[in-house]
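As given, the protein sequences belong to chains A and B, one line each in that order. Using my numbering, the first residue of the first sequence is number 18, and each one after it goes up by one. Using my numbering, the first residue of the second sequence is number 18, and each one after it goes up by one.
By construction, these hints were calculated from the structure, which means they are not laboratory data.
A pair counts as met if it fits within one copy or between any two copies, since identical chains are not told apart.
Derived DMTMM-like pairs: lysine to aspartate or glutamate, alpha-carbon spacing no greater than 25 Å straight-line:
no.	residue 1	residue 2
1	193	43
2	161	81
3	193	47
4	42	188
5	275	244
6	161	144
7	152	162
8	219	154
9	277	306
10	161	43
11	277	183
Protein chains: 2
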Amino acid sequence: MDLKEYLRNRQGKIEATLKDLLPAKDTYPEILHEAMGYSVFAGGKRLRPILCLAACEAVKGSLEEALPVACALEIIHTYSLIHDDLPAMDNDVLRRGKPTNHIVFGEANAILAGDALLTLAFQIIGEAGLKSAHKYETYLEIIKDISIAVGSLGMIGGQVVDILSENQEIDLATLKYIHQSKTGALIKTSLKSGALLGAGSKEQVRQLVLYGEYLGLAFQITDDLLDVLGNAEKLGKPVGSDNKNQKSTYPNLFGIEKTKELAEEAVNNAVRALQDFGSEGDVLRSLAEYLLIREN
Amino acid sequence: MDLKEYLRNRQGKIEATLKDLLPAKDTYPEILHEAMGYSVFAGGKRLRPILCLAACEAVKGSLEEALPVACALEIIHTYSLIHDDLPAMDNDVLRRGKPTNHIVFGEANAILAGDALLTLAFQIIGEAGLKSAHKYETYLEIIKDISIAVGSLGMIGGQVVDILSENQEIDLATLKYIHQSKTGALIKTSLKSGALLGAGSKEQVRQLVLYGEYLGLAFQITDDLLDVLGNAEKLGKPVGSDNKNQKSTYPNLFGIEKTKELAEEAVNNAVRALQDFGSEGDVLRSLAEYLLIREN
Numbered sequence: 018m019d020l021k022e023y024l025r026n027r028q029g030k031i032e033a034t035l036k037d038l039l040p041a042k043d044t045y046p047e048i049l050h051e052a053m054g055y056s057v058f059a060g061g062k063r064l065r066p067i068l069c070l071a072a073c074e075a076v077k078g079s080l081e082e083a084l085p086v087a088c089a090l091e092i093i094h095t096y097s098l099i100h101d102d103l104p105a106m107d108n109d110v111l112r113r114g115k116p117t118n119h120i121v122f123g124e125a126n127a128i129l130a131g132d133a134l135l136t137l138a139f140q141i142i143g144e145a146g147l148k149s150a151h152k153y154e155t156y157l158e159i160i161k162d163i164s165i166a167v168g169s170l171g172m173i174g175g176q177v178v179d180i181l182s183e184n185q186e187i188d189l190a191t192l193k194y195i196h197q198s199k200t201g202a203l204i205k206t207s208l209k210s211g212a213l214l215g216a217g218s219k220e221q222v223r224q225l226v227l228y229g230e231y232l233g234l235a236f237q238i239t240d241d242l243l244d245v246l247g248n249a250e251k252l253g254k255p256v257g258s259d260n261k262n263q264k265s266t267y268p269n270l271f272g273i274e275k276t277k278e279l280a281e282e283a284v285n286n287a288v289r290a291l292q293d294f295g296s297e298g299d300v301l302r303s304l305a306e307y308l309l310i311r312e313n
Numbered sequence: 018m019d020l021k022e023y024l025r026n027r028q029g030k031i032e033a034t035l036k037d038l039l040p041a042k043d044t045y046p047e048i049l050h051e052a053m054g055y056s057v058f059a060g061g062k063r064l065r066p067i068l069c070l071a072a073c074e075a076v077k078g079s080l081e082e083a084l085p086v087a088c089a090l091e092i093i094h095t096y097s098l099i100h101d102d103l104p105a106m107d108n109d110v111l112r113r114g115k116p117t118n119h120i121v122f123g124e125a126n127a128i129l130a131g132d133a134l135l136t137l138a139f140q141i142i143g144e145a146g147l148k149s150a151h152k153y154e155t156y157l158e159i160i161k162d163i164s165i166a167v168g169s170l171g172m173i174g175g176q177v178v179d180i181l182s183e184n185q186e187i188d189l190a191t192l193k194y195i196h197q198s199k200t201g202a203l204i205k206t207s208l209k210s211g212a213l214l215g216a217g218s219k220e221q222v223r224q225l226v227l228y229g230e231y232l233g234l235a236f237q238i239t240d241d242l243l244d245v246l247g248n249a250e251k252l253g254k255p256v257g258s259d260n261k262n263q264k265s266t267y268p269n270l271f272g273i274e275k276t277k278e279l280a281e282e283a284v285n286n287a288v289r290a291l292q293d294f295g296s297e298g299d300v301l302r303s304l305a306e307y308l309l310i311r312e313n
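All chains, full assembly: derive it from the sequences and hints.
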C-alpha cells in the first residue's frame, strides 16, 4: 500500500469535516472563531483522527460514521496545544512554523479559544451520537472514555507533572507518566473510539488499545529524538526547545543510540499487538513503521 | 415554604455529591486536584445545580437522578470563574472572599484546573448517562445542549465580548448579548437539563427555559446593582471591581432606580412563565423573588 497517498486521502476527508464542524470565521464574536480556526487549520498531521478512522476500519466499521468523533479528537489535541504554548506554560512563540495562538490573538483569546474547542469537541460527539439511533450507548461510552483520557488523570495530569518537572532531574517512572498521560492517553483513546464506533469485539478493542499504548510510546520517544536531531524547519519550532526548559527526555536519560533502540522496540510491540488482524490491520502496521522513519 | 431551609437542604445534597464526584485532593498530581477542589468548595451559592434539581422536580422527576448533571453544571460554572479571574482576563485576586485560584496555585495550574473541571463535567454526564439505560438519548441531548450553552456561541462568546468591551462604551444590544451569553446561557441550560432529566413535556421544557431566560436576566441586573450598592464583605470581592475595569453595566446605562425596575420586571416575567405549573412550581417562583431581595 502507498501510505503517503493514504494519509493524503484521510487528511483531505478530515480537513473537509473539520471545516463543516467549526463555526465560520465571521461568526460573532469573530476574533474567537478566527482564533479557533487559526490553530485547527495550522497544518497538523491529523495523526489522532487518522488513527481513529483506521481503528474503525480495522474492525470493518464505516469510515464516514467515525469522522465526527475523529475530528473531535483533533480539536481536543488542538486545544491542548494552544494552552500548552501559553506564556504561563511552555511560553512558545512558534508552532508548526507559525506564531502561536496567543501571539496572534492575545492571551485571553487564546485561553478562551482553547476552552471553546474543548467544549466544541463534546458538542460534536453528542450531536453525532444523536444522529445514530442504534448507538447511543456507544457514544456515551466514547464521551466517558475520551474525557477520562484528557482529564486530570490523563492528558492534563501529564501537563501538570511536565511543568512541575522543568529544571528538575526526574526518574524514568515520572518521564513515563508524563508521556503516557500527556501524549499517550489521547492516542490510546483515539484508537479505542474508532474501535468502539466500528463495533469491534472486546478482544479487538483490547488489541487496538494495546497497539495505541505502544504507538504512543514510540511517538513520544521519536519526538524527543527529533528535538535533538531534527532541524527547526522540519519541526516548525526551535530545535532544543525542550532542552531550553531543561525538560527530561529519553535522549537525556538514555543517550541517543539506546533511545533509537527503545523507539524501534515500541514500534515492534505495536505491530505485534495487531497479530490477530489480517490485511485490515495493514494501515495501522504501516503507520507504526512510518513513525520510526519520519524526518530522520 | 421556607426557602432558606430548602436551599440549605439542596446545598447539602449538592456538596455531598460534588465530594463524591471530584477526585480526592491527594490524588496524583496533587496540586492539580487541590486546585480543582479549592475552587469547587469555595462556598458558592450552588444556584445552577439548585435550578437544575428544581426544574427536574417541577416536572415531577427524581431529584436523585438529576444530581450528577446538576453538579456537572456547578463544575462548569467553577471552571469559568477560575478562567475569568486569570491575569489575562479580569485579573481578580479575590473571589468569594478568598484568594483566586491562580493566586494560590499559580497561573499554569489555574488554567489546567479549569480545563480539568470542564472535562470532568462531561465525564460525569457521560457516566451518569451510562447508568440509566432507558435515557441514553436524553443524556446525549443534555451534552449537546450544555456544550452549546457554554461554548463559543454561548458562555465563552459572552466572555470574549465582555473583555472586548472593557473601557468601551457599549450599547444595550451588546450588554444584553454579554449577559445572555456569559451568565444567561448556563442558567437556561441548567433548567432545561433538569426538565429533560425529569422527562418533562415539550411545553413544560419550553416554559422552564423561558423562566430561565428571565431569571438569568434578573440575576445579572441584580449582580450589577450589588456591585454598585453592595459591600465588599457581602460580595467577597472589591466593590466596584466591574467599574474598575470600566465595564458597562445596567446602572451605568440606566441609573439605579430604572435598573431596580428592570430587575423587578424580569422577576415578574420569570414567575409568569410558570403559570401552568401548580404547587410543584413554587420553589422556582420563590427562587425568582428571593433573587430580587438578596443582600439589598
